[in-house]
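Quick note, the sequences are listed as chains C and X, same order.
As numbered in the working numbering, residues 1 to 313 make up the first sequence, in order.
As numbered in the working numbering, residues 1 to 489 make up the second sequence, in order.
Bear in mind the hints are in silico, worked out from the structure with no lab data behind them.
Do not take every clue at face value.
[Stated by the list, open to error] Here are the simulated EDC-like pairs of lysine to aspartate or glutamate, each with C-alpha atoms no more than 20 angstroms apart in a straight line:
{"#": "1", "chain 1": "C", "residue 1": "K155", "chain 2": "C", "residue 2": "D145"}
{"#": "2", "chain 1": "X", "residue 1": "K298", "chain 2": "C", "residue 2": "D63"}
{"#": "3", "chain 1": "X", "residue 1": "K29", "chain 2": "X", "residue 2": "E55"}
{"#": "4", "chain 1": "C", "residue 1": "K142", "chain 2": "C", "residue 2": "D174"}
{"#": "5", "chain 1": "C", "residue 1": "K246", "chain 2": "C", "residue 2": "D58"}
{"#": "6", "chain 1": "C", "residue 1": "K142", "chain 2": "X", "residue 2": "E304"}
{"#": "7", "chain 1": "X", "residue 1": "K298", "chain 2": "C", "residue 2": "E144"}
{"#": "8", "chain 1": "C", "residue 1": "K246", "chain 2": "C", "residue 2": "D63"}
{"#": "9", "chain 1": "X", "residue 1": "K298", "chain 2": "X", "residue 2": "E239"}
{"#": "10", "chain 1": "C", "residue 1": "K142", "chain 2": "C", "residue 2": "D110"}
{"#": "11", "chain 1": "C", "residue 1": "K155", "chain 2": "X", "residue 2": "E341"}
{"#": "12", "chain 1": "C", "residue 1": "K155", "chain 2": "X", "residue 2": "E297"}
{"#": "13", "chain 1": "C", "residue 1": "K155", "chain 2": "C", "residue 2": "E144"}
{"#": "14", "chain 1": "X", "residue 1": "K166", "chain 2": "X", "residue 2": "D83"}
{"#": "15", "chain 1": "X", "residue 1": "K250", "chain 2": "X", "residue 2": "E304"}
{"#": "16", "chain 1": "C", "residue 1": "K155", "chain 2": "X", "residue 2": "D287"}
{"#": "17", "chain 1": "X", "residue 1": "K326", "chain 2": "X", "residue 2": "D287"}
{"#": "18", "chain 1": "C", "residue 1": "K246", "chain 2": "C", "residue 2": "D174"}
{"#": "19", "chain 1": "X", "residue 1": "K326", "chain 2": "X", "residue 2": "E251"}
{"#": "20", "chain 1": "X", "residue 1": "K29", "chain 2": "X", "residue 2": "E143"}
{"#": "21", "chain 1": "X", "residue 1": "K298", "chain 2": "C", "residue 2": "D145"}
{"#": "22", "chain 1": "X", "residue 1": "K298", "chain 2": "X", "residue 2": "E237"}
{"#": "23", "chain 1": "X", "residue 1": "K29", "chain 2": "X", "residue 2": "E52"}
{"#": "24", "chain 1": "X", "residue 1": "K250", "chain 2": "X", "residue 2": "E341"}
{"#": "25", "chain 1": "X", "residue 1": "K298", "chain 2": "C", "residue 2": "E152"}
{"#": "26", "chain 1": "C", "residue 1": "K246", "chain 2": "C", "residue 2": "E186"}
{"#": "27", "chain 1": "C", "residue 1": "K142", "chain 2": "X", "residue 2": "E297"}
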Amino acid sequence: MTPDVMAQGTLYALRQKIAQIEGQLPEKLEPDSESGRTVLRRNGRPCLAINTGAEALDVALGDQQPTLVDISGRQSRDSGAVSGFALALAARACRKALRDPRWVLWVGLDEVFFETGLPYALGLEHFFAQPAEQLLLAHAPKLEDALWIAEEALKAGTFSAIFLELRGNPGRLDLTATRRLRHRAEQAFMPLFLIRHSGSSEGSGQPSAALVRLCISPAPSRFRHIAGEALPRSIGPPAFCVELRKSRSGRTGTHWLEWNADDFTFQERTAPGQGNRNTAKTSHTGSVLSAPFHGPHSAPQIRSPLADERRSG
Amino acid sequence: MSAAPAEALPLVISERQNNAQRVSALDEKAQAAGLRRGMGIADARATHPSLEVIEADRQADQRLLEGLADWCDRYTPLVALCDEGDGLFLDISGCAHLFGGESRMLEEIAERLLQQGFDTRTGLASTPGAAWAAARFAPPPGEIADGCEAEALNPLPLAALRLDEKTVTGLESVGLRTIATLLDAPRAPLVRRFGRQLANRIDEALGNIEEAISPRLPVSPLSVERHLSEPIGTLEEIESLLRMLATTLKEDLEQRDEGARQLQLALFRVDGAVSRISIGTSRPMRDPIAITRLFHEKLARIGESLDPGYGFDLVRLAVPASAPFKTHQGDLAGREENEGEGLALLADRISARLGSSAILIPERQASHQPERAISLARFAQARPVASSAQPHSPIRPIRLLTRPEPVEAAAEIPEGPPFSFRWRRALFRVARAEGPERIAGEWWRASAPPARDYFRVEDTEGRRYWLYREGFYGEGESHPRWFMHGFFP
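The shape of chain C in the complex, shown without the other chains:
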């Protein structure tokens, strides 16, 4: 234990020096009484790391410093998955760093709230343990107002996460605007989730200064298990298909994740589509992983052709 403490002391002294040079308040290492970990505070605020808990995706994401995260969905009917993924990232970030109340600000345009519904506090509590009393909803008639609210909230710095919800790729949200938001978010050490519904039809059509860009679509969930038995036709934990389009490590790719609301972590899972192409491979992947994975894989085989037929017709 002793060398650890010594190392921490040196580290702390160095940090203090850097802070002096930068003219900021020194970072503060605070012992977290519950877990015994140390929490890093910068400018008097804890650092909120952006990660998923799924190793492959975390490696691809690179640096975990809070910044502007651009999360988009293909269609507005995917709103549940898109906002759910953003909320999960936020929940992870605060869960790791904070014991204090975690105020969350959700800024949306009126039209978006009308189309995709308002965030529902009871659901947020159930899936992401976000207390209803610490959610603030701001709705703005125009994009400029929404941007203003988000920016002021970042300046005020009292939130643990801010969500800015838009529809499509508005022309006003150009490179300058996103750079501004990113800069503010990085200064405040606070994640800002830019949620765009039906905003990724043409890939990344509009330039964005966000360092992290994700495209989320829902994925069929696995069955719910009770005492090791899969319940037929049941709906398991939320599942997502995450397409990493831009990251700080430069890597991109598609990941299939599942949200574990009890552990506050994402778990990697196999792509449900794989079962279609190669049945032999499916059974193989299943046996490598834990037993319950056998359950869901039979289902997509029957369903997917139906869906494809309909789409083509």
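The hints should help you fit chain X onto chain C, whose structure is shown.
Same frame as chain C, now just chain X:
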């Protein structure tokens, strides 16, 4: 009050009284020509064919009078309209010294109104009744010193007592023509014959009983103001002045150990128009910088509609509502102890800019109805609730449509989940479903919806929805209806 252009015909205002068009007001020329109030218009025209007659417009008069009342707010916050609709009461108790004494104040008001083109009659007395009489019947400037009400009123006609016409004619018919004669007459028979009102009016005029004027606007317990010799017009100037006023206000608030919950900025334009800008705060506030920032948002929002004209020459910052102020101490490392403070300020700024309904906070309600279980309250009005998270909350969607949207669904009869449904013109095939979860209507409320069976369904592409069926298959004639209500992650 009448504004007359220089070379014009004699002007009279006509109004329908007792089924005949009569002269209700007239200008000096018409008066010089021998016309009187109450004369029939036909008679007036007969004597003076070149007469300009204008129909009376009571509402326009009222608007003008209110505009004047606004302008008079610069002298005292207590401005009331006369019941007769032809004058204003200004309660100048405690304000006169700001303008160099009562007489100087009266002169200034009369002069400035004259400059604006109004011919006014003024009266100044210790009681509203005496002032009313002085303004209308006493020779200008119509000042009645404190304690000399009876003396001053004695020679005036009975109408000076604000009596109705019937009473006046009645009194005149018994030979009482001036107030002096009325005061000398024994009280009891008069009251018996003409009613209690007569005695009240006499006592009110003499100050024997208190008469309160009812001000148009609520009076703020605290206010600070600044008169400017050079009018200001730009937003920057207004804001810097506001900052100064807020600094002064802070001392006053500190003395009272209070913070402002509501603030009103009144901008008095040189030509008399008054703009009032109000903001509310979610916590008691007294920090000048914060106050200025709040007004900055509000001013930014109304920027175009605020017309400075030739500039504002009086700016007043008032506190219509205040509350006890609690002070905090922060820690040296700069960690924000009073996190709520920053939050409240941000919320206030958002409400100042976008209206108080722009920032909402969910509040838990005791209801099983999903849309009623959480109500959205305005941040400023929300009451702080202790966290009461339930350990085993039912599975609820993370987004809820403000209004459930009808869907066409094909479902298993009698109470199974849907196989497929059509929502917003797209067809969704259900791969999995969980349910039903029956949420019964709250029958104890009058407008409660019927029972609903909720299903969590997942479509073939993995989207998860919250659908419900209202009504039951095979019960009654009408088919049950399906609705989309929310979305799961």
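The hints, checked one at a time:
1. K155(C) - D145(C): OK: K155(C) and D145(C) at ~15 angstroms, within 20 angstroms.
2. K298(X) - D63(C): Status violated; Cα separation ~40 angstroms.
3. K29(X) - E55(X): Holds, at roughly 18 angstroms.
4. K142(C) - D174(C): Holds - the C-alpha atoms of D174(C) and K142(C) are around 15 angstroms apart, at most 20 angstroms.
5. K246(C) - D58(C): Judged against 20 angstroms, a Cα distance of about 13 angstroms means the pair holds.
6. K142(C) - E304(X): Holds. K142(C) to E304(X) sits at ~17 angstroms (cutoff 20 angstroms).
7. K298(X) - E144(C): Since the Cα atoms of K298(X) and E144(C) sit roughly 15 angstroms apart, the hinted pair holds (cutoff 20 angstroms).
8. K246(C) - D63(C): holds (13 angstroms)
9. K298(X) - E239(X): holds (11 angstroms)
10. K142(C) - D110(C): The hint holds at about 8 angstroms.
11. K155(C) - E341(X): holds (14 angstroms)
12. K155(C) - E297(X): holds (15 angstroms)
13. K155(C) - E144(C): holds (16 angstroms)
14. K166(X) - D83(X): holds (17 angstroms)
15. K250(X) - E304(X): violated (29 angstroms)
16. K155(C) - D287(X): Holds, at about 18 angstroms.
17. K326(X) - D287(X): Judged against 20 angstroms, a Cα distance of about 13 angstroms means the pair holds.
18. K246(C) - D174(C): Satisfied, since the Cα-Cα distance of roughly 17 angstroms is no more than 20 angstroms.
19. K326(X) - E251(X): Holds, at about 15 angstroms.
20. K29(X) - E143(X): Given that 20 angstroms is the threshold and the Cα spacing comes to 27 angstroms, the pair is violated.
21. K298(X) - D145(C): holds (13 angstroms)
22. K298(X) - E237(X): holds (15 angstroms)
23. K29(X) - E52(X): OK: K29(X) and E52(X) at ~11 angstroms, within 20 angstroms.
24. K250(X) - E341(X): With Cα atoms ~17 angstroms apart, K250(X) and E341(X) stay inside 20 angstroms; holds.
25. K298(X) - E152(C): holds (15 angstroms)
26. K246(C) - E186(C): holds (17 angstroms)
27. K142(C) - E297(X): holds (15 angstroms)
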